[in-house]
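Note that the protein sequences, when read in sequence, are chains W and E.
If you count the first sequence from 1, you need to add 9 to reach this note's numbering.
If you count the second sequence from 1, you need to add 9 to reach this note's numbering.
Be careful, since some hints might not be right.
What the hints assert, rightly or not - Restricting the straight-line Cα-Cα distance to at most 27 Å, the calculated cross-link-like pairs of lysine-lysine (BS3-like) are:
no., chain 1, residue 1, chain 2, residue 2
1, W, Lys431, E, Lys14
2, E, Lys440, W, Lys135
3, W, Lys523, W, Lys487
Don't read these hints as lab results, they were simulated from the structure.
All of these numbers come straight from a predicted model, not from anything done at the bench.
There are 2 protein chains.
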Amino acid sequence: MRVSKLLMPTLRENPSEAEVISHQLLVRAGLMRKAASGIYTYLPLGMRVLEKIKAIVKEEMDRFGGQEVMLPIIQPAELWQESGRWEVYGQEMFRLKDRHEREFCLGPTHEEIITSLVRNEVNSYKQLPILLYQIQNKYRDEKRPRFGLMRGREFIMKDLYSFDQDQTGLEESYEKMYKAYTNVFLRCGLQFRVVEADSGAIGGSTTHEFMVLAEAGEAQVVYCQKCDYAANVEKAEAVPDKIVVGTESEIQLVHTPNVRTIEEVAGHLGVAKKQLIKTLFYKADDQMVAVLVRGDREVNDIKVQNHLRCVQLELAQPEDVERMAGCSVGFVGPVGLEIKILADQEVAFIKSAVTGANKNDYHYTGVSLNRDFKVDDFTDLRMVQSGEPCPQCDSSLESARGIEVGQIFQLGEKYSQSLNAKYTDENGDEKFFVMGCYGIGVSRTIAAAIEQNYDQNGIIWPITLAPAHVVIIPVSTKEDEQVKEAEALYRQCLEAGIEAVLDDRNERAGVKFKDADLVGYPIRVTVGKKTIQDNSVDIKLRHSGAEEAVNKNLAVTKITEVVRDLIKSCQPKYLGNS
Amino acid sequence: MRVSKLLMPTLRENPSEAEVISHQLLVRAGLMRKAASGIYTYLPLGMRVLEKIKAIVKEEMDRFGGQEVMLPIIQPAELWQESGRWEVYGQEMFRLKDRHEREFCLGPTHEEIITSLVRNEVNSYKQLPILLYQIQNKYRDEKRPRFGLMRGREFIMKDLYSFDQDQTGLEESYEKMYKAYTNVFLRCGLQFRVVEADSGAIGGSTTHEFMVLAEAGEAQVVYCQKCDYAANVEKAEAVPDKIVVGTESEIQLVHTPNVRTIEEVAGHLGVAKKQLIKTLFYKADDQMVAVLVRGDREVNDIKVQNHLRCVQLELAQPEDVERMAGCSVGFVGPVGLEIKILADQEVAFIKSAVTGANKNDYHYTGVSLNRDFKVDDFTDLRMVQSGEPCPQCDSSLESARGIEVGQIFQLGEKYSQSLNAKYTDENGDEKFFVMGCYGIGVSRTIAAAIEQNYDQNGIIWPITLAPAHVVIIPVSTKEDEQVKEAEALYRQCLEAGIEAVLDDRNERAGVKFKDADLVGYPIRVTVGKKTIQDNSVDIKLRHSGAEEAVNKNLAVTKITEVVRDLIKSCQPKYLGNS
Numbered sequence: 010m011r012v013s014k015l016l017m018p019t020l021r022e023n024p025s026e027a028e029v030i031s032h033q034l035l036v037r038a039g040l041m042r043k044a045a046s047g048i049y050t051y052l053p054l055g056m057r058v059l060e061k062i063k064a065i066v067k068e069e070m071d072r073f074g075g076q077e078v079m080l081p082i083i084q085p086a087e088l089w090q091e092s093g094r095w096e097v098y099g100q101e102m103f104r105l106k107d108r109h110e111r112e113f114c115l116g117p118t119h120e121e122i123i124t125s126l127v128r129n130e131v132n133s134y135k136q137l138p139i140l141l142y143q144i145q146n147k148y149r150d151e152k153r154p155r156f157g158l159m160r161g162r163e164f165i166m167k168d169l170y171s172f173d174q175d176q177t178g179l180e181e182s183y184e185k186m187y188k189a190y191t192n193v194f195l196r197c198g199l200q201f202r203v204v205e206a207d208s209g210a211i212g213g214s215t216t217h218e219f220m221v222l223a224e225a226g227e228a229q230v231v232y233c234q235k236c237d238y239a240a241n242v243e244k245a246e247a248v249p250d251k252i253v254v255g256t257e258s259e260i261q262l263v264h265t266p267n268v269r270t271i272e273e274v275a276g277h278l279g280v281a282k283k284q285l286i287k288t289l290f291y292k293a294d295d296q297m298v299a300v301l302v303r304g305d306r307e308v309n310d311i312k313v314q315n316h317l318r319c320v321q322l323e324l325a326q327p328e329d330v331e332r333m334a335g336c337s338v339g340f341v342g343p344v345g346l347e348i349k350i351l352a353d354q355e356v357a358f359i360k361s362a363v364t365g366a367n368k369n370d371y372h373y374t375g376v377s378l379n380r381d382f383k384v385d386d387f388t389d390l391r392m393v394q395s396g397e398p399c400p401q402c403d404s405s406l407e408s409a410r411g412i413e414v415g416q417i418f419q420l421g422e423k424y425s426q427s428l429n430a431k432y433t434d435e436n437g438d439e440k441f442f443v444m445g446c447y448g449i450g451v452s453r454t455i456a457a458a459i460e461q462n463y464d465q466n467g468i469i470w471p472i473t474l475a476p477a478h479v480v481i482i483p484v485s486t487k488e489d490e491q492v493k494e495a496e497a498l499y500r501q502c503l504e505a506g507i508e509a510v511l512d513d514r515n516e517r518a519g520v521k522f523k524d525a526d527l528v529g530y531p532i533r534v535t536v537g538k539k540t541i542q543d544n545s546v547d548i549k550l551r552h553s554g555a556e557e558a559v560n561k562n563l564a565v566t567k568i569t570e571v572v573r574d575l576i577k578s579c580q581p582k583y584l585g586n587s
Numbered sequence: 010m011r012v013s014k015l016l017m018p019t020l021r022e023n024p025s026e027a028e029v030i031s032h033q034l035l036v037r038a039g040l041m042r043k044a045a046s047g048i049y050t051y052l053p054l055g056m057r058v059l060e061k062i063k064a065i066v067k068e069e070m071d072r073f074g075g076q077e078v079m080l081p082i083i084q085p086a087e088l089w090q091e092s093g094r095w096e097v098y099g100q101e102m103f104r105l106k107d108r109h110e111r112e113f114c115l116g117p118t119h120e121e122i123i124t125s126l127v128r129n130e131v132n133s134y135k136q137l138p139i140l141l142y143q144i145q146n147k148y149r150d151e152k153r154p155r156f157g158l159m160r161g162r163e164f165i166m167k168d169l170y171s172f173d174q175d176q177t178g179l180e181e182s183y184e185k186m187y188k189a190y191t192n193v194f195l196r197c198g199l200q201f202r203v204v205e206a207d208s209g210a211i212g213g214s215t216t217h218e219f220m221v222l223a224e225a226g227e228a229q230v231v232y233c234q235k236c237d238y239a240a241n242v243e244k245a246e247a248v249p250d251k252i253v254v255g256t257e258s259e260i261q262l263v264h265t266p267n268v269r270t271i272e273e274v275a276g277h278l279g280v281a282k283k284q285l286i287k288t289l290f291y292k293a294d295d296q297m298v299a300v301l302v303r304g305d306r307e308v309n310d311i312k313v314q315n316h317l318r319c320v321q322l323e324l325a326q327p328e329d330v331e332r333m334a335g336c337s338v339g340f341v342g343p344v345g346l347e348i349k350i351l352a353d354q355e356v357a358f359i360k361s362a363v364t365g366a367n368k369n370d371y372h373y374t375g376v377s378l379n380r381d382f383k384v385d386d387f388t389d390l391r392m393v394q395s396g397e398p399c400p401q402c403d404s405s406l407e408s409a410r411g412i413e414v415g416q417i418f419q420l421g422e423k424y425s426q427s428l429n430a431k432y433t434d435e436n437g438d439e440k441f442f443v444m445g446c447y448g449i450g451v452s453r454t455i456a457a458a459i460e461q462n463y464d465q466n467g468i469i470w471p472i473t474l475a476p477a478h479v480v481i482i483p484v485s486t487k488e489d490e491q492v493k494e495a496e497a498l499y500r501q502c503l504e505a506g507i508e509a510v511l512d513d514r515n516e517r518a519g520v521k522f523k524d525a526d527l528v529g530y531p532i533r534v535t536v537g538k539k540t541i542q543d544n545s546v547d548i549k550l551r552h553s554g555a556e557e558a559v560n561k562n563l564a565v566t567k568i569t570e571v572v573r574d575l576i577k578s579c580q581p582k583y584l585g586n587s
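For reference, chain W alone in the conformation it holds in the complex (with noise of 0.2 Å):
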């Protein structure tokens, strides 16, 4: 590729809109524009990088046995209404209709076709199991769209879809999945936790979230240095603290004028945050439920609604908690309450805590459980911190961000059921397929490996994704030598299979440099006056700022061990196909 011709139309400035690293990189180094909101172009840089995380994923599916389909963007509600999703799904979902007024949605997701294509296709044990992917657009009609290929309308995913005859054939299924997506993010040369995650609204049991840990990662994942633990915060499993805090003592109402927060209380009274509870009131479904916690501890609102089974569940407003409670939200406590109370486990181990009285500037001090008042559920309802004890071993707990990449789901029957999906078994008896479902973000892959790969001037990218390996820059090319000598170095570096541009530009230096830096190839050959004099070519590597004077009838032979080495440096001892 030659810069004079390739539409790269790199910006200075960062684009107004672009709140997170990678979306103003990519804009800016000219690998994408947006065409409306949460919905982009790749430009020609930005397609090579595209076609290289596609390239991976493929080779990796196909490797533990996938087999590469193409399911249809748009598909018909009919499939969406047996499912029971065409209502569940909402205002996510893209809808519209044909000329014959029959309804679509353009497919956020493919269990409901794939399903139905099996059912149709697939009818015995002797078949199965059989994985199915595909690499292709969805659609989400975010709210918000934003933070670029992290959350858009329009975007790559990878679909896996297994379908096995029993539980123990999803559990070999998921197990290739998950040492196939363990390949594939360590291909991209990416730093990535599988951490153990919470199933949602998708259905199923078991599931892992594949997360590149950047700071600019929407989830909080926590993780053990010692042992192999690491989930998502909201599902990670909290070790109570058994230690008892306060002695029983009585009862007392104090005036606490103005005293809302948890610091606030805690410094009024004097005693640590860890002898308040806090007490929150959720609308569950239609039922008002109040949940309690450790005043030094979060509510983590996903074991609630697990623990509760309810569809949808939100902080009460404030009226509401006025209403239940005779009070505003600040002084709010169990004492007399008289709905439902659930409490994380460690508000056990508190004998004389501080709660709301339920009315306004007014706190308790001594309250008891049991005695002042009851709770109807006691289980692990709080968020785990950064340095608490690791479910697993004694080590203590590290918590980072990151960025979901890619996610893998024992579904089970639930598909199959919803859209009766079966095959004949060995005896002839009929049976639900038992279904794993699979993804890969893989334009958001694209934004993953930028928030983890930039430093001030611009991307760093692993030689994997690259758009290219190596950009070639002639200082000035109004010195024939120098083009004639960057010329013949490109054509060698094409002849020998390496990635290579040459910035043929009639522009500053300087100009050049910047855009290499910004477009972040792995490596970068400058040959400029004072490297023709010496009989050299200057070889920088964009991860470390080395630099090296190499004679130039070397540059190649040189040139082609660096690249081989960094993607060595990508590639995973593999975990193979068991």
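Position chain E against the provided structure of chain W, taking the given hints into account.
Frame of chain W, contents of chain E only:
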């Protein structure tokens, strides 16, 4: 690939909705399934064919300087309103609204969005020419989707757009694409013709279509066997027959009760059909026009429409004809008509014509141009027929049916003007980009390849498109030796870089042979009791039926040779990038 694990649901019966061979065979061979009307799922083998065509297209676009991008499928209405096509497209465009009630369409084509991209990102003549392409799903809400992949509602196209400084530049880009397209279809192993075509609604002037010759084609093409002339019959220039018909005589009203058609009138009056003038009434936008052609010719609506420069042209309703002419359709003629009259140039050579008398059950004989009726315009308005003279040489034209798999257009400034897309030329003046657009129906090419290559047993793939080169069939999977040898050959083929499929199903040999023919692998290798006795394998070619016993130690060498020769026969002498 092992057939036992492959999702390849072959059928013995034709699916009821499949009207054409390619649709029947794509479904029967297990390459695709219908998801909704005009919307299909590609199964693993179909996907492999698709990927092969895509790879060929991509290579040829890149060879001629194309840069791959990916434009969005959902496109904002604003751009289409700006170009004026939001209304024009009518019901063929799938439209939808997002949650904020903003209007979008599913792109039926991408001129608007690419022109908008280039007007924002390209501003100097130095960056031109620029050729951008994508391979992507497109959407057209066809009134009657049919013929499987030939006319679907969701289909795959490659579209490339060229941006040049001027007409000369455009012609160079056009020439490049002409060569690239020729390479693509040669490499696909298809028999095709490049024909002059009408530019129709998309605008622009020069355009060529790439037509795969096949009976099921929706288009009619004429071509010269001697010179290189070829055209869509809609566009084909007619050489007028200048032989004078009849001699001037008196006009006479003759009673022709119930004699309406050309055949009936000629028979009844005992004259040659070419002595008749055929009169047709058209509604051109809001105006009524009469069109005259010789009795043995057919009117070409496209030529009429182009001559009139009208947006809509349709044959007048019988009641409208009756109101205008005072008689039913079978008896209309030009004498005494008071509307605009267009005539094909050959009408001028009929000295004594038979025409309708604009009175039921009557015709005129001895009708003379200018004496009895006037013509507003003479021009070429008729269809060319097989056997007529070539407009370029003396030879006679042949005619054939064709499937349009590609079309290239010189758009000129149509879209750059309507979307105000300009660059700055070397004098600092702002000029409109001069554009071309170039499409390949990627999914339609799959259908076209089948329509041209099949027999009663199934598909006969050109090797460059085949889902695999060779299928290896052990006659009985119960015979260990056969299995062992088939497995060994399968592995050797894979190691030699041959795309091999092993039919390891525990099925009768007949079933496996039938499936092999149906799927259409170019080479079939059989391992059976007899071949094992003879220390050989049986190699059979799908396209010729030629069968040969080959020593098993030479089998891989032989297969490699055959594959190489077959691929070679699809390789063009490259039309390089000049």
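Status of each hint after checking the structure:
no. : hint                 : in the structure
1   : Lys431/W to Lys14/E  : 18 Å, holds
2   : Lys440/E to Lys135/W : 66 Å, violated
3   : Lys523/W to Lys487/W : 19 Å, holds
This entry does not satisfy hint 2, going by the numbered hints stated previously; all others are met.
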